[in-house]
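Enquirer: Using our numbering, the letters of the sequence shown map in sequence onto residues 112 to 668.
These aren't lab readings, by the way, just hints derived from the structure by calculation. There could be a bad hint or two in this list.
The following label-pair restraints were derived from C-beta to C-beta distances [what the hints assert, rightly or not]:
#	residue 1	residue 2	range
1	G206	S616	26 to 32 Å
2	G115	Q372	51 to 57 Å
3	R128	G361	16 to 22 Å
4	V308	G206	32 to 38 Å
5	I216	G259	37 to 43 Å
6	R128	P234	32 to 38 Å
7	T665	S616	39 to 45 Å
If you're wondering where the values come from, they're calculated on a predicted model, not measured in any experiment. Note that beta-carbon positions come from the ideal geometry of N, C-alpha and C, so glycine has one too.
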Amino acid sequence: LKDGEVIAASEEERFRRIKHWAGFPSEAIKFCLKDAGIGIEEVDHVTISRDPKANVHKKVLHAMKRMVGLKAIKDRILNSRKVASVKSQLATALGVDEKSIIAEIHNIEHHRSHLASAFFASPFEEAAVISIDGFGDFTSTMIGIGKGNKIEILDSVIYPHSIGIFYTTFTQYLGFPHYGDEYKVMGLAPYGEPKYVDKLRDVIIFKDNGLFELNLKYFKHSREGVSMSWDGGSPHIEAIFSDYMIEKFGPLRKKGEELTQYHKDLAASIQRFTEEVIFHMCNHLQKRTGLKALCVAGGVAQNSVANGKILDKTTFDEVYIPSAGHDAGTSLGSALYLYNHVLDKPRLPAIYNAYTGSKFSNEEVLKYLEGKDVDYKQYSEAELYDVVSDHLINGGVIGWFQGRAEFGPRALGHRSILVDPRRSDAKDLLNAKIKRRESFRPFAPSILIEAVPEYFELDDKVPFMEKVFPIKEEKHKEIPAVTHVDGTGRLQTVEKGDRYYELISKFKEKTGTPILLNTSFNENEPIVNTPAEALDCFLRTQMDILVLENIVVTRKN
């Protein structure tokens with residue numbers, strides 16, 4: 112931030128090229144400093160979205176009561192030390208003398224950072240705020256009120272109780288063991304029926320105060336501790352489910368085994384029940400605060416299916432969810448919390464733009480392409496939209512690399528792969544040519560904002576692809592590639608002022624359809640961050656053309 116304005120924000124995984132990379136974010140820090148045109152010596156404040164001192168008494172009490180495993184305690188101590196030694200880590204990473212770093216270091220509690228990432232970026236002067244995830248600083252859920260440049264905490268859910276842990280545990284049980292696989296359960300859910308919701312009521316118990324508790328018999332993280340390793344790579348978390356869960360829900364599915372109807376029905380039940388828990392908390396929060404606007408953050412805020420139902424299933428009238436609701440967003444959130452809440456600075460306009468990452472000029476692209484074994488041609492703005500829309504209409508799969516990269520897990524038309532949404536074979540085409548991912552996972556529609564009421568049952572601004580809405584039944588046949596099995600789509604609304612808007616407009620002019628299929632520009636890796644990574648992905652897949660700014664790249668012959 113510079114005077115409260117977001118100058119640059121990017122996730123370390125984009126530079127390290129390992130999904131969910133965790134560790135000291137040295138490369139993202141270097142990028143932000145370079146983009147701002149300053150050195151670390153000129154930075155006044157550094158925030159960390161972790162506070163080792165938060166809930167320390169509760170941590171000790173829990174460890175003593177439960178006799179948590181030594182390995183789990185050791186992991187937490189080591190992680191706390193890393194958080195505490197940030198100045199020396201900065202100096203080492205940036206190759207400077209530690210004494211030259213004059214910045215004040217601030218530890219901002221994890222969920223306060225989440226709440227700030229949503230509220231201080233929202234258009235609301237006053238709003239109820241909620242953060243829900245696995246855990247951070249011994250807390251899984253936090254609720255409060257945001258007013259002006261302050262956030263007041265009303266209540267929280269403390270370890271070991273967590274909706275995020277509930278969802279992750281069943282994700283593992285269903286045979287998706289990797290960190291961040293929860294979206295696969297969300298994608299699988301529409302293929303089943305929520306037959307087991309009542310059975311799940313024994314796993315999470317609703318409380319009269321609007322919060323919840325886990326039935327800890329189903330989990331082992333509380334009694335035994337669960338080891339999580341991550342330094343210098345993708346996080347890995349041990350199995351959380353207990354033998355009791357297997358006894359009650361049957362044998363776990365191993366990765367790669369057939370997905371039976373039972374698995375699909377269980378996924379549907381998990382998703383439905385998770386929504387019930389979220390709406391239970393939101394409705395109590397609305398009643399408690401009397402406010403009609405809501406800000407949502409935390410890892411569970413990436414559940415776009417639940418997000419799309421908030422206004423229908425709760426008594427809130429407005430909702431704001433940031434582009435990076437997950438843990439990466441706490442970097443921005445902790446900075447906003449410091450600037451607004453701690454330093455008492457005035458808020459800046461709402462953030463509806465996620466484009467704060469890497470960028471490259473036409474000149475840089477042309478220089479990079481010199482001597483590469485590809486054909487390429489530079490086009491004017493108008494020519495570019497004409498050429499690319501023709502390729503889309505003719506069945507092409509397009510790599511689209513434009514402007515600044517997105518901050519957050521979604522590709523929003525700057526680092527995207529694009530396809531004609533009218534193609535009924537688009538999902539199979541993309542999976543065969545590039546993605547090679549599970550067939551049950553949907554692809555998303557990017558739509559001109561003014562066309563939303565014509566195609567969707569709900570009309571709202573959805574700039575970050577953060578909500579799933581029902582697609583009007585009469586439109587299913589027109590856009591089969593982006594209509595999920597249950598007739599929904601995880602939409603991104605696109606507004607004027609961006610090349611992506613102009614491309615979709617040109618496509619609409621030629622076809623009558625104001626929508627493109629948009630999926631992230633990657634192949635089982637983090638979203639591409641540079642022209643070199645984009646070209647590499649293009650060459651090793653069967654993408655038809657690559658568009659780098661105004662330059663269209665094709666294969667020779």
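Enquirer: Taking the hints in turn, state whether each one holds.
Expert: Against the structure, the hints:
1. Look at G206 against S616: about 47 Å separates their beta carbons, and that is not inside 26 to 32 Å.
2. Taking the beta carbon of each, G115 and Q372 are about 52 Å apart, inside 51 to 57 Å as hinted.
3. Between R128 and G361 the C-beta distance comes to about 38 Å, which lies outside the given range of 16 to 22 Å.
4. Evaluation of the 32 to 38 Å hint for V308 and G206 yields a failure: the beta carbon distance comes to about 55 Å.
5. Separated by about 26 Å at the C-beta atoms, I216 and G259 break the suggested range of 37 to 43 Å.
6. A hinted range of 32 to 38 Å for the beta carbons of R128 and P234 is consistent with their spacing of about 35 Å.
7. The hinted window of 39 to 45 Å between T665 and S616 is violated, with their beta carbons roughly 24 Å apart.
Checked against the numbered hints listed earlier, the structure breaks hints 1, 3, 4, 5 and 7; every other hint is satisfied.
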